[in-house]
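A.B. asks: Here are the chains, one letter per residue:
2 protein chains.
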Amino acid sequence: MVQKGLLIVLSGPSGAGKGTVCKALMPHVTDNTKLSVSCTTRNPREGEIEGVNYFFKSKDEFRQLIEEDQMLEWAEVYGNYYGTPRRYVEETLVKGHNVFLEIEMQGALQVRKKFPDCVLIFLVPPSLDELKSRILGRGSETEETFNLRFGAAADEMKYISQYDYVVVNDQVETAVEKVRAIMQAELCSVARNLEYYNSLIQEGK
Amino acid sequence: MVQKGLLIVLSGPSGAGKGTVCKALMPHVTDNTKLSVSCTTRNPREGEIEGVNYFFKSKDEFRQLIEEDQMLEWAEVYGNYYGTPRRYVEETLVKGHNVFLEIEMQGALQVRKKFPDCVLIFLVPPSLDELKSRILGRGSETEETFNLRFGAAADEMKYISQYDYVVVNDQVETAVEKVRAIMQAELCSVARNLEYYNSLIQEGK
Numbered sequence: 001m002v003q004k005g006l007l008i009v010l011s012g013p014s015g016a017g018k019g020t021v022c023k024a025l026m027p028h029v030t031d032n033t034k035l036s037v038s039c040t041t042r043n044p045r046e047g048e049i050e051g052v053n054y055f056f057k058s059k060d061e062f063r064q065l066i067e068e069d070q071m072l073e074w075a076e077v078y079g080n081y082y083g084t085p086r087r088y089v090e091e092t093l094v095k096g097h098n099v100f101l102e103i104e105m106q107g108a109l110q111v112r113k114k115f116p117d118c119v120l121i122f123l124v125p126p127s128l129d130e131l132k133s134r135i136l137g138r139g140s141e142t143e144e145t146f147n148l149r150f151g152a153a154a155d156e157m158k159y160i161s162q163y164d165y166v167v168v169n170d171q172v173e174t175a176v177e178k179v180r181a182i183m184q185a186e187l188c189s190v191a192r193n194l195e196y197y198n199s200l201i202q203e204g205k
Numbered sequence: 001m002v003q004k005g006l007l008i009v010l011s012g013p014s015g016a017g018k019g020t021v022c023k024a025l026m027p028h029v030t031d032n033t034k035l036s037v038s039c040t041t042r043n044p045r046e047g048e049i050e051g052v053n054y055f056f057k058s059k060d061e062f063r064q065l066i067e068e069d070q071m072l073e074w075a076e077v078y079g080n081y082y083g084t085p086r087r088y089v090e091e092t093l094v095k096g097h098n099v100f101l102e103i104e105m106q107g108a109l110q111v112r113k114k115f116p117d118c119v120l121i122f123l124v125p126p127s128l129d130e131l132k133s134r135i136l137g138r139g140s141e142t143e144e145t146f147n148l149r150f151g152a153a154a155d156e157m158k159y160i161s162q163y164d165y166v167v168v169n170d171q172v173e174t175a176v177e178k179v180r181a182i183m184q185a186e187l188c189s190v191a192r193n194l195e196y197y198n199s200l201i202q203e204g205k
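Line order of the protein sequences matches chains X and W. FYI, the numbering for the first sequence is 1 to 205, going by UniProt numbering. FYI, the numbering for the second sequence is 1 to 205, going by UniProt numbering.
Here chain X stands alone, though its shape is the one from the complex (with noise of 0.2 Å):
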């Protein structure tokens, strides 16, 4: 009997850091954990590569894969499609291996929905000062584009309640050792390893 993987969904308002915590624990996780690739409708940026750091679809193709049922969550933002293919996550999870997904939080709270046993964990700013200097630091920001987007983050907090974790990106080293520590405990969680406990148990008699 293979014990399931985890789907690990990193999520969290805009500014959290949720890119960088992905990227630095990625290093870290064992050959058992899958960073899941989503798919997308704009066109791909120098250096990125098809498969690798997204499906690259037609947006007619990512219509058609919503209308199959086949994005586990999706989402359109500024005006392209962005969504993460249901197929290989059910695949490489009844496989025992993990997959880690890094998402808005629209789209996390949309697997919650389908996986109801993913684990999703909510990545926030220290403070709501330090969120507001890291929008500022991109400086890509117009005063409008700013309030619209730290109005939105400050507003998304509220949707703490509907996550299993909440981990502070103080620093990125703390972070991504707490989210390795979710990520082993829920492993060992007995609600849900209970199945194949008791397997254990009868093999044992």
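None of these hints come from the bench; they were simulated from the model. Just to be clear, a hint being listed does not mean it is correct.
As the list claims (entries may be wrong) - Far from chain X, by Cβ distances over 10 Å, these chain W residues were calculated:
1. Lys-34
2. Thr-41
3. Asn-43
4. Glu-48
5. Lys-57
6. Phe-115
7. Asn-147
8. Arg-149
9. Asp-164
10. Val-167
11. Arg-180
12. Ile-182
Claimed, not checked - Derived pair list, reagent style SDA-like, types lysine to any residue, alpha-carbon separation capped at 20 Å:
13. W:Lys-4 / X:Asp-164
14. X:Lys-34 / X:Ser-14
15. X:Lys-113 / W:Val-190
16. W:Lys-4 / W:Asp-117
17. X:Lys-158 / W:Gly-5
18. W:Lys-34 / W:Glu-67
For every residue, glycine included, the Cβ atom is placed at its ideal position computed from N, Cα and C.
Following the hints, position chain W against chain X.
C.D. replies: Just chain W now, with coordinates in the frame of chain X:
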């Protein structure tokens, strides 16, 4: 607002290696985690220090503590009482420190009743064969006491479902790492900290 400490209970069948794992864990926990000191009515062994290894009590004193509901859990083992003093645990948790208990399974399930939000960790030997050789390895067993201990341990496996986590003690270092991960993950748990997070969100407004 102080985040309340965790009450972590490491338990499991006789021969699982609770004492060894606990001893190896202690140098790795922060000052914020206190190992609970039990009360006992047995005589001190050479080198054992009052208040460090145990609080040594007379049988009358111990019975008095039970009567006053001052024992979080207790048991009579080979004619002596062993138990966990409730006041120490409560006072330590309220200060925001974690308390670590290493106790028998009967006691662990008593603690669950009095502290439903404790974290119960079930330490298991990698297999029943391994358990057999560990009990025999103590060298102090007659055939009769071996059968008694082994039968009880195998029987205790069925209580897994009442625990939160299972840690397989195949290697002490790996088991210690998993217990540490569980503690870290539980400290990030949303369910455990919702009141705390809500107060932060209120502050941010």
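A.B. asks: Against the earlier hints, flag every one the structure doesn't satisfy and list their numbers going up.
C.D. replies: 9, 10, 11, 12, 14, 17, 18
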